[in-house]
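S.K.: Each chain, written out:
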Amino acid sequence: KAGVTQTPRYLIKTRGQQVTLSCSPISGHRSVSWYQQTPGQGLQFLFEYFSETQRNKGNFPGRFSGRQFSNSRSEMNVSTLELGDSALYLCASSREGTASGNTIYFGEGSWLTVV
Amino acid sequence: AQTVTQSQPEMSVQEAETVTLSCTYDTSESDYYLFWYKQPPSRQMILVIRQEAYKQQNATENRFSVNFQKAAKSFSLKISDSQLGDAAMYFCACLIIQGAQKLVFGQGTRLTINP
Numbered sequence: 001k002a003g004v005t006q007t008p009r010y011l012i013k014t015r016g017q018q019v020t021l022s023c024s025p026i027s028g029h030r031s032v033s034w035y036q037q038t039p040g041q042g043l044q045f046l047f048e049y050f051s052e053t054q055r056n057k058g059n060f061p062g063r064f065s066g067r068q069f070s071n072s073r074s075e076m077n078v079s080t081l082e083l084g085d086s087a088l089y090l091c092a093s094s095r096e097g098t099a100s101g102n103t104i105y106f107g108e109g110s111w112l113t114v115v
Numbered sequence: 001a002q003t004v005t006q007s008q009p010e011m012s013v014q015e016a017e018t019v020t021l022s023c024t025y026d027t028s029e030s031d032y033y034l035f036w037y038k039q040p041p042s043r044q045m046i047l048v049i050r051q052e053a054y055k056q057q058n059a060t061e062n063r064f065s066v067n068f069q070k071a072a073k074s075f076s077l078k079i080s081d082s083q084l085g086d087a088a089m090y091f092c093a094c095l096i097i098q099g100a101q102k103l104v105f106g107q108g109t110r111l112t113i114n115p
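Listed in order, the protein sequences are those of chains G and V.
This note's numbering puts the first residue of the first sequence at 1, with every later residue one more than the last.
This note's numbering puts the first residue of the second sequence at 1, with every later residue one more than the last.
Looking at chain G on its own, in the form it has when it is part of the complex (with noise of 0.2 Å):
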């Protein structure tokens, strides 16, 4: 069974311009999460989605962006690229709605370096 895909695995953006970030959750999983994780912050939650809809939205300016479709993949971006979005983005996904469905597995996450 395939883990969490996420893809680019590395990229490297020049500041002010936009990224794309891809993810595909485990089959069957319909919650998907999205976290930044650097040196000073740590572990931040980004937004979750689970079928399509936005649910919970962390503490990120309006520049972070995401979205889910409807066979559960989800795309997040970034607009007008800072230095300090340079950060791991990891990708999760959870099944949600049943015994172990409150288990969250991630993604290898992909690496931004802004320029």
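Quick caveat, the hints were computed from the structure, so don't treat them as lab data.
Among the hints, a few may not be true.
Stated by the list, open to error - If you anchor each label on the Cβ, the simulated ranges turn out as follows: (1) V/K55 / G/K13: 38 to 46 Å; (2) G/V115 / V/E52: 38 to 46 Å; (3) G/T53 / V/F64: 29 to 37 Å; (4) V/E61 / G/G84: 16 to 24 Å; (5) G/G3 / V/A1: 25 to 33 Å; (6) G/N77 / V/E17: 40 to 48 Å; (7) G/R63 / V/Q57: 21 to 29 Å; (8) V/D26 / G/N56: 13 to 21 Å; (9) G/G84 / V/D81: 40 to 48 Å; (10) G/G84 / V/E29: 37 to 45 Å; (11) V/N67 / G/T14: 25 to 33 Å.
Beta carbons: idealized from backbone N, C-alpha and C, even for Gly.
Position chain V against the provided structure of chain G, taking the given hints into account.
M.R.: Quick look at chain V alone, frame taken from chain G:
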């Protein structure tokens, strides 16, 4: 709002010995899950162990076990017979079972295994 605190930024242990990583959390919710995740240098976030708050019995997964003290809001991880492959960052996390699947993480403990 919930918080998770890991008071040990770094720990080290001799191979084959036992080590305990500490975690305290704060939440006003009665229904939640607690997790320990391991993040090796590859940065893949790997689930180590899960504990449901409503269960009094401490979770165990092979060499990994937890000491869950609900009244004290404490959730420590014990690693027995430490192996070189256990070297990693360990994160304690809390998931509130209400609406969105959102994990709140501690700052992490870097575990070094000495041969």
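S.K.: Each hint should be assessed against the structure and marked as holding or not.
M.R.: Results for each hint:
1. Between V/K55 and G/K13 the beta carbons are some 45 Å apart, a value that agrees with the proposed interval 38 to 46 Å.
2. For G/V115 and V/E52, the hinted distance range of 38 to 46 Å is satisfied, since their beta carbons lie about 44 Å from each other.
3. Distance hint check for G/T53 and V/F64: the Cβ-Cβ separation is about 35 Å, which falls inside the suggested range of 29 to 37 Å.
4. The hinted range of 16 to 24 Å is not satisfied by V/E61 and G/G84, whose Cβ atoms lie roughly 37 Å apart.
5. The beta-carbon spacing between G/G3 and V/A1, approximately 30 Å, falls within the hinted interval of 25 to 33 Å.
6. Between G/N77 and V/E17 the beta carbon distance is about 47 Å. The supplied range of 40 to 48 Å therefore holds.
7. A C-beta distance of roughly 45 Å is found between G/R63 and V/Q57, which places it outside the suggested range of 21 to 29 Å.
8. The hint said 13 to 21 Å for the Cβ distance between V/D26 and G/N56, and at roughly 19 Å that hint holds.
9. One distance hint, 40 to 48 Å for the beta-carbon pair G/G84 and V/D81, holds here, with the actual separation near 42 Å.
10. The given range of 37 to 45 Å is broken by G/G84 and V/E29, whose C-beta atoms sit roughly 32 Å from each other.
11. Between V/N67 and G/T14, the C-beta spacing of about 49 Å breaks the proposed range 25 to 33 Å.
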